[in-house]
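S.K.: Sequence:
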Amino acid sequence: MDARALKEGVVAGRLDPDALAAGFGDLHAPLTEHEALVAADRCYFCHDAPCITACPTEIDIPLFIRQIATGTAEAAARTIFDQNILGGMCARVCPTETLCEEACVREAAEGQPVQIGRLQRYATDDLMAKGIHPFERAPATGRQIAVVGAGPAGLACAHRLAMHGHDVVVFDARAKAGGLNEYGIAAYKTTDDFAAREVEWLLQIGGIEIRNNTALGREIFLNDLVSEYDAVFLGLGLGGVNALATPGEEKDGVLNAVDFISDLRQTEDLSSLPVGRDVVVIGGGMTAIDAAVQAKLLGALNVTLVYRRGRDRMNASRWEQELASAKGVRLITNASPIGVHGNGTVREIEFEFTNDALEPTGQTFRLAADQVFKAIGQTLDGVDLPELDGRKIAVDEAGKTSVSGIWAGGDCAAGGEDLTVTAVAEGRDAAEDIHRALLRSA
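The working numbering applies: residue 11 is where the sequence shown begins, and numbers increase by one.
A hint or two may mislead.
[What the hints assert, rightly or not] With a straight-line Cα cutoff of 27 angstroms, these simulated DSSO-like cross-link-like pairs (lysine-lysine) come out: (1) K186 <-> K140; (2) K261 <-> K306; (3) K186 <-> K199; (4) K410 <-> K199; (5) K337 <-> K306; (6) K199 <-> K140.
[Stated by the list, open to error] Quick list of simulated restraints, FRET-style, between CB atoms: (7) V393 <-> N353: 16 to 26 angstroms; (8) D92 <-> T389: 44 to 54 angstroms; (9) P27 <-> A206: 14 to 24 angstroms; (10) T371 <-> E442: 46 to 56 angstroms; (11) D92 <-> G426: 15 to 25 angstroms; (12) T63 <-> D399: 24 to 34 angstroms; (13) N353 <-> A225: 34 to 44 angstroms; (14) E84 <-> R323: 39 to 49 angstroms; (15) T63 <-> D406: 15 to 25 angstroms; (16) P144 <-> V48: 20 to 30 angstroms; (17) E369 <-> G175: 51 to 61 angstroms; (18) N222 <-> V115: 41 to 51 angstroms.
Simulated from the structure, these hints should not be mistaken for lab results.
The beta-carbon is built from N, C-alpha and C at its ideal position, and this holds for glycine as well.
With these hints in hand, go ahead and build the complete structure from the sequences.
M.R.: Structural data, given as structure tokens:
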């Protein structure tokens, strides 16, 4: 590390291009054909497969693995995409270790599940690389639906509606479609601009128009959408970020982890991103892990992730926790921030240990910090929305909101887990309910 970095703290270009390329390369190399066949051969092809139940999109996992085993990867991809049109991204980012693979019979028997996620990627990548889109639109219905949010829920909803012959206009506040997949996931999980390529592939179905830089409450308004379109789907995600509510939080160097990840994902030059020598990340979910690991990969000397509960209560899976540790991130649990110290710019952050009931113990400690990332959850950002359930939009099992003609799904909707695969399932299911409603009103 050069003297400039040691002296100045938060700087760009800590590592050379080769080190950055190695750190931000594909986290899991894709399976070769031989590796895929060997991995597929381990599947028992269970009749009542628990892995299907564990998948939020209910992909017929034994079927697609059997199709890989018999040399028909294209058929396997069609099986996957029939349930999950974003199956390529989900194969990369889903916590399969706590979903389908945890339920795998091989995991229970041997502690080593079938590599379902990597096999799913093998099949979906194969079909997408050939430029094949496995679905065609039904005859045009003349109906038009507005989808707000071009993230996983919105894209899945739009695609399924387009399949049924409806025209869909997708509005998104950002410059690019993709939502969380484009802006909020660690770069080493989705390399080679995969999120954008997946959106382009999805749009091959036809009948979907995406209008970027168009935000609800700014360029468009919910009442207008309801009057102009036959139905509205809200897949807004969560635009707000929770505050620490800690003295000194306003100091320079205290940043939102989601903004850090977004900036990293959109840069064309990783060496241009400034990172501190002593980085502290506060939180226990996937965003916290992604921010911490990427800070380390950018060249931070010390990266510490601090979570207020125990490791068994972290939203990030055990596998993700172990990945962070393997990359050099220190994890401290049962500690909450109580003060940010520094003369205008953060220099230290103070914590107090807590017990399992989150009660303070009176024991405190300080960590040196020239950069602090908040990853303590996001909140729904919007006005004039349908009725809320807590801090999210209230929906029924089909995604209907309290307002007739409006459905919602993904992170902005109450219920379910904040996962890409869950958002896809909710968007898909809402689309089917919208389609049924439009048929009834025809």
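S.K.: Each hint needs a verdict: does it hold in this structure or not?
M.R.: Hints, verified against the model:
Distance hint between K186 and K140 is fulfilled; the C-alpha atoms sit about 24 angstroms from each other, no more than 27 angstroms. Between K261 and K306 the alpha-carbon distance is near 22 angstroms, which keeps this suggested pair within the 27 angstroms criterion. For the suggested pair K186 and K199, the alpha carbons sit about 19 angstroms apart, so the restraint of at most 27 angstroms is met. For the given pair, K410 sits about 33 angstroms from K199 by alpha-carbon distance, which is inconsistent with the 27 angstroms threshold.
With a C-alpha separation of about 7 angstroms, the suggested pairing of K337 with K306 holds against the 27 angstroms cut-off. For the suggested pair K199 and K140, the alpha carbons sit about 22 angstroms apart, so the restraint of at most 27 angstroms is met. The hinted window of 16 to 26 angstroms between V393 and N353 is violated, with their beta carbons roughly 38 angstroms apart. At about 34 angstroms, the CB distance of D92 to T389 disagrees with the hint of 44 to 54 angstroms.
Against the hinted window of 14 to 24 angstroms, the Cβ-Cβ separation of P27 and A206 comes to about 23 angstroms, which satisfies the hint. T371 and E442 have their C-beta atoms about 51 angstroms apart, which keeps the hinted 46 to 56 angstroms range intact. D92 and G426 have their C-beta atoms about 21 angstroms apart, which keeps the hinted 15 to 25 angstroms range intact. Look at T63 against D399: about 25 angstroms separates their beta carbons, and that is inside 24 to 34 angstroms.
Checked against the hint of 34 to 44 angstroms, the C-beta distance between N353 and A225 comes to roughly 37 angstroms, which is consistent with it. A beta carbon spacing of about 42 angstroms between E84 and R323 agrees with the range 39 to 49 angstroms that was offered as a hint. Roughly 22 angstroms separates the CB atoms of T63 and D406, a value that falls within the hinted 15 to 25 angstroms. Checked against the hint of 20 to 30 angstroms, the C-beta distance between P144 and V48 comes to roughly 26 angstroms, which is consistent with it.
Distance hint check for E369 and G175: the Cβ-Cβ separation is about 57 angstroms, which falls inside the suggested range of 51 to 61 angstroms. About 45 angstroms separates the C-beta atoms of N222 and V115, a value consistent with the hinted range of 41 to 51 angstroms.
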